[in-house]
Amino acid sequence: MRQLLKDGQVIDNTWHRVEAELDAEQKTLPSGDILVPLSMWQNNQPALENHIGAVGLWINGNEEIEAIADSMADSIATVPLIAINFPKFVDGRGFSVARLLRDRYGYQGELRAVGQIIRDQLFLLKRCGFNAFQFESEIDLAEAAKSLADFSEAYQVAADQPEPLFKRR
Amino acid sequence: MYRYDQYDQTLVDERVAQYRDQTQRYLAGNISEEEFLPLRLQNGLYVQRLAPMLRIAVPYGLLSSQQIRKLAHISRKYDKGYVHFTTRQNIQLNWPKLEEVPDILAELATVEMHAIQTSGNCIRNTTTDQYAGVAADEIEDPRPWCEIIRQWSTVHPEFAFLPRKFKIAVCGSEEDRAAFLLHDIGIQLVTNDQGESGFHIFVGGGLGRTPVIASSIREFLPKQHLLTYLDAILRVYNRYGNRDNKYKARIKILVRAWTAEVFAERVESEWAHLKDGPATLTGEEIERMKSFFTMPDYRVVDAGALDSQLQQTAEQSKAFARWLERNTRTQKQAGYRSVSLSLKPAGVAPGDVTDQQLETIADLADRFSFGELRSTHNQNIVLTDVLVSELFELWELARAAGLATPNIGTINDMICCPGGDYCSLANAKSIPVAEAIQRKFDDLDYVYDLGDIELNISGCMNACGHHHVGHIGILGVDKKGEEWYQIQIGGSASKDAALAKVLGPSLSRDAVTGSIEKLLDVYVENRLEGETFLAAYQRIGIDKFKERVYAPTA
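In the order they appear, the protein sequences are chains A and B.
Mapping to this note's numbering: the first sequence position 122 is 122, numbers consecutive.
Mapping to this note's numbering: the second sequence position 279 is 1279, numbers consecutive.
Derived by calculation from the structure, the hints in this document are not laboratory data.
Take these hints with a grain of salt, some might be off.
[Stated by the list, open to error] Facing chain B, from chain A, some residues (calculated, C-beta under 8 Å): (1) E49; (2) F95; (3) S96; (4) R127; (5) A142; (6) F151; (7) Y155; (8) Q156; (9) V157; (10) A158; (11) E163; (12) P164; (13) L165; (14) F166; (15) K167; (16) R169.
Nothing here was measured: the structure is a model prediction, and the numbers come from that model.
By construction, the Cβ of each residue, glycine as well, lies at the ideal position given by its N, Cα and C atoms.
Let's have the full structure, built from the sequences with the hints guiding it.
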């Protein structure tokens, strides 16, 4: 069981990612809390509703979160966990998706950055609304957590700061 | 000029600490080469052909004498005693040690400077007109807006890992001296029918492998909406720009693929969510920024008397008269002029200055231009607000320091990238080509008779030397391992922006200077009274030039 950083603490990961497209007739979902891809979320709602355990959403930075958020604006708030995958750490699309979820759709649950993120992105990821970080590589999480506080102030409005610096100076 | 408060200073200090820690972890083997790459780039550090290169930000080209003295000190202590001014108004050190870069950044922070986002796939230094605040044709001073953009773009949480680099320029005048149509975003200050000022927004311009002139996406943006609108553009680009092929990753490719109309619609629909949000600028913030860019304490002078005195002085010294004509420019403030210190004497790489020259420049700025100076995208230095009666003295001092070559705007004032002598991307050397041209055209009367000519040299198709928009452009190409040069003509970086056309097959380095001479001969033979090289080309077309350069030798 891999560990992750959540709200600044090192914790165990209890979620299982469901990778393949589920064929509802033949396969069963793994037990426990699961993270499912966007396509499964859209196409297999009955199976997911019957699942015993929590169901979270796993999306890639290039996926259009609008596709589901607009159609379930009320219920997105009830999703316990949304994981945004970074296929490469230099692929910054996930930063925008996170901000859309927090700022536009008012998502309040756990927002987890997964994949090839690096420690030195933590401050920026946190500002965009991520509160959990699951690294693909083995790193010292407690040590890495220091990077969450690389800066004590920032100029811009973001998920962690509703007012720009120019209104607070 | 803008001065840091405790927030700005803390941010820059914390950035130094962050990068010091990153450098230490890299040197200890705890950060891979691949992961360190964007971290060092976003702190200005490239690894070049011979050594690392550190690019220091000069926000919109504005510098104080104190900052220049610090740069002179840094160049002595950490480098080889000279610095290079770039075409983005920034400064480069060519020989810093990777492990000393955190110390250099810490020294810069003591004079309110940094190297944040001077490289990498992020929002780069915002550039503008070197005559901001003093240009007679100015609609509004662009610098408060540049500083607003600088702060918004600095460590922006969402846009630090864009598909590709991203450059913004602001133009506040009738004539364009910022080449704003050749930027990812070009912002033009305009006034609407009701007399309110705002911005005309262009996107998708750029040089590089695929040169494109920017397209208009919004003719009038009220000023309070600047940052929310920029957020909308950047968000659309961040999400939909190409990330598979770095040569197709600039915003210009996305704008072209979607068309400017569709791109504008996407931005507008994103902006609908952000408009009037918390990042909307307040009148108070706009006024606060403007308060940093007030005019100096001008003396009340009899401008007419000063001018006639100046003419008398000029009549007594031909050398001074030449410099006065080429290297100074009138301002909207009567009795004052702006002076260009040329960084293009023959035999020196264009844009290079020594530590001693930097000290002199700082002294000149203190003595003649209220302690401020500007770097230009043509790689020179401008001192504004010089009292007309002090020009002669300034000229003598500048001349003694090798900073008064009277060649501004002439063929010898070329834009030139570092080229194959320094850059690992270059296909060919560019500095020796520049030098050969300056040596060839050393007859000042001939050079002045040619008038304004922009000659731009790039050592490869990445176009750091802006060859696409030179009236004459020279591009270094690799031909089976040998350095060859393609000549282009008819480009322009001003408001009538145009991309140059390729003249014909590339030439060996030996043949470049002779070919430039032939182009100039065709111009001199065909020009009408008062017609510039560019205007003559636009009238007579490319054929006559081409025929002359490629005519079989007798």
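Tested hints:
A distance limit of 8 Å between C-beta atoms decides the matter here; for E49/A the minimum to chain B is near 30 Å, and the interface restraint is violated. At a threshold of 8 Å, the smallest CB-CB gap from F95/A to chain B is about 5 Å, leaving the interface hint in force. Interface hint status for S96/A: upheld, as the beta-carbon distance to the closest one in chain B is roughly 5 Å, under 8 Å. For R127/A, the interface hint holds, the least distance from its beta-carbon to any beta-carbon of chain B being 4 Å, beneath 8 Å.
Checking A142/A against chain B: minimum C-beta separation of about 15 Å lies over 8 Å; hint violated. Satisfaction of the interface hint for F151/A is found here, the shortest Cβ-Cβ separation to chain B being roughly 5 Å, below the 8 Å cut-off. For Y155/A, the suggested interface contact is upheld, since its CB lies about 5 Å from the closest CB of chain B, less than 8 Å. For Q156/A, the interface hint holds, the least distance from its beta-carbon to any beta-carbon of chain B being 6 Å, beneath 8 Å.
A hinted interface residue such as V157/A counts as satisfied when its beta carbon comes closer than 8 Å to some beta carbon of chain B; here the least separation is about 5 Å, so the hint holds. Checking A158/A against chain B by beta carbon gives a least distance of about 5 Å; that is within 8 Å, so the hint holds. The criterion of a C-beta within 8 Å of any C-beta in chain B is met by E163/A, whose closest approach is roughly 6 Å, and the hint holds. Hint on P164/A holds. Least Cβ distance to chain B is approximately 5 Å, under the 8 Å limit.
This hint holds: L165/A has a C-beta 6 Å from the nearest C-beta of chain B, less than the 8 Å allowed. Taking 8 Å as the C-beta contact cut-off toward chain B, the hint placing F166/A at the interface holds, the least distance being around 4 Å. A cut of 8 Å between beta carbons decides the hint on K167/A: the least distance to chain B is about 7 Å, and the hint holds. The closest approach between the C-beta of R169/A and any C-beta of chain B is roughly 6 Å, which is under the 8 Å cut-off, so the hint is satisfied.
Violated hints, in rising order: 1 and 5; the structure is consistent with all others.
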